[in-house]
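*Asks:* The chain contents come next:
Number of protein chains: 2
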Amino acid sequence: MNSNSKHMRPIWLAEKKGMVQVIDQRYLPHELIVKDLKTVNDTIYAIKQMVVRGAPLIGATGAYGVYLAAINSPGKAADNEYLLGECEKLKAARPTAVNLEWGVDRVYNAAVKKAPGENRMDAIKAEARKIVEEEAENCRMIGVHGCDLIEEFSRKKGGKTVNILTHCNAGWLACIEYGTATAPIYTAFEKGIDVHVWVDETRPLNQGARLTTWELAKAGVKHTLITDNAGGHLMQHHMVDMVMVGTDRTTHTGDVANKIGTYLKALAAKDCGIPFYVALPSSTFDWQLTDGIAQIPIEERDPDEVRFIEGEKDGKITRVLVPPADSPAANFAFDVTPARLVTAFITERGICNANVHDIKNLFPDKKQW
Amino acid sequence: MNSNSKHMRPIWLAEKKGMVQVIDQRYLPHELIVKDLKTVNDTIYAIKQMVVRGAPLIGATGAYGVYLAAINSPGKAADNEYLLGECEKLKAARPTAVNLEWGVDRVYNAAVKKAPGENRMDAIKAEARKIVEEEAENCRMIGVHGCDLIEEFSRKKGGKTVNILTHCNAGWLACIEYGTATAPIYTAFEKGIDVHVWVDETRPLNQGARLTTWELAKAGVKHTLITDNAGGHLMQHHMVDMVMVGTDRTTHTGDVANKIGTYLKALAAKDCGIPFYVALPSSTFDWQLTDGIAQIPIEERDPDEVRFIEGEKDGKITRVLVPPADSPAANFAFDVTPARLVTAFITERGICNANVHDIKNLFPDKKQW
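Residue numbers (this note's numbering), protein chains in the order written: chain Z, 234 to 602; chain X, 234 to 602.
None of these hints come from the bench; they were simulated from the model.
Some hints could be false.
DSBU-like mimics (lysine-lysine), calculated; alpha carbons at most 35 Å apart, straight line [as the list claims (entries may be wrong)]:
#, chain 1, residue 1, chain 2, residue 2
1, X, K593, X, K271
2, Z, K546, X, K281
3, X, K451, Z, K546
4, X, K363, X, K324
5, Z, K268, X, K549
It should be emphasised that the depicted structure is a prediction, and the values quoted were computed from it without experimental measurement.
Sequences are here, hints too, so could you generate the full structure?
*Replies:* See below:
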């Protein structure tokens, strides 16, 4: 994706240096820092500390983590037990996004099944790369399908601005290229459709305020930053035409885990008769779980992420304390939006309703239904 | 209300000095600064810049503003036209909270009707003081009535902790004494009922994170700070027993304007079957308007309140920029929760349902019904 006319991705393989490199998303938009990942521990740190974040990117990072496990111990790469142990460590880095498990497992299985012997390293690298390229292509296709929805709205409004509200960052920073929720927006923008994005700041880590605004500004897409509290008011007053969000894990019954606060926006959309779309590649479906609220593990993170806020002051990134120093805080990172509040899913294969029947029809090959 | 064992109010008359003094709420919890209000312009500044905030306190500040108009121009105090002009300026300081208009009008009418001649200054001072004392007593009674609801929940739960979620600050800082939404909590706490408060941080100005936490900590009430995004998740998982909020203006048909984001919490409470209570003195009812969403003016404030965040660093209050420097932002300060989402109102006269019939029954004397 274009960032200041330079083609960038949030992750890439620096093969000659024997490492993976990522954009350190903690310092955006104020500093663009590239971080080296040389080991499995580096990879786990990057996922846990949210150097990288976003379901598809976490999946890709996990896949490259398996590659790092192999190149760091070439002698052990052929040892299934060693490799499996490293994979388990990687998969435990964050609990909610299913893509992490999916990406790591896919590389491990490719290694074990396709390359039991000597050439395992190449098989691992090839599979990790394949995941990255496939996810980029999936996001492109999400853009193509989702753009139809925006185009339809634009026609209905006689070409007037289509206002889309999004929560968190489900852009190219989260997804290799294009993004999930933002892919239809970028595609519509490139087609000349008049779009404007309401960007939820997305407390506590402000991925909307820091990352989505940055992405949209670089791409030249009109946008306005709002607090997470504001969306309901905007919807009541017909200032939002549709909501588009990503997801960290969606059950094959249609329940959507996404950044905390998504459920509140889905409720407001329902109450105001506004369509609520969730964009995701098939890697984000959980083909096992059936009840999102009861079964999807919700990560609880460091309360200091709520208590302290980082921003720029005098050219330096500075951290300030908002509440009294001794006030306790809680930091739930995700919530679950029940399928009944979701208008439709936008996937690489097309649009489908949020129920097991329609998801099965679109993805008959993904599980034993 | 107790703050470090010293009895404090957020506003008081420093009569000998010929001025009003207030706690400057912009610097809490990190600094407790008292600000002098000597003129009508000082008063308008304090209301606009949210040195003081909260519907009942804005009403009281407006009332004292009329007093400052009179003592600053003793020669003109008997001139109705002069006084009316100053009142109009005061009333225009902020648009949403109806208490400002109510407080200013009450003092003006008392002056004009009760003291057409020489003793007008005393009448003005007496009426302003009466408003302040009445509002304090109204809040105490809100506490008494609202405590019954908490006590009932406590009994149902066999004495286990009652978890109450609140948004913004509707505590004594907003209301002279006790608060509106917090009054039942303080009363329950003093009666030995086990209560715990989930405090929404309340972006953009963080009144929950800065003020409600500070108040509750000083009073010794258990509480946990959360992001505004978190309440829906907590309600889905039965971690909230009831929601209690204040309001800036409530139509006599039951629609509730309150801090932006309140509507989202009301939707979640409805979806999860959790009672949603709004606590208010009768001064916050708007006896004219009938449709909150269409008719209540919603203040739009400086977008920089969204873009910049203030907190403490190395003992100093420091302001940091979160989004890219050139990202536009919007800052709607309130939203409206329709009556259908409100379980009941807690008023100084008791509890009533959110409809015109029940509000009329409780307040038959407040308008020509």
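*Asks:* Evaluate each hint against the coordinates.
*Replies:* Against the structure, the hints come out as follows:
no., hint, result
1, K593/X x K271/X, "violated (40 Å)"
2, K546/Z x K281/X, "holds (26 Å)"
3, K451/X x K546/Z, "holds (31 Å)"
4, K363/X x K324/X, "holds (19 Å)"
5, K268/Z x K549/X, "holds (32 Å)"
Consistency note: the structure conflicts with earlier hint 1 alone.
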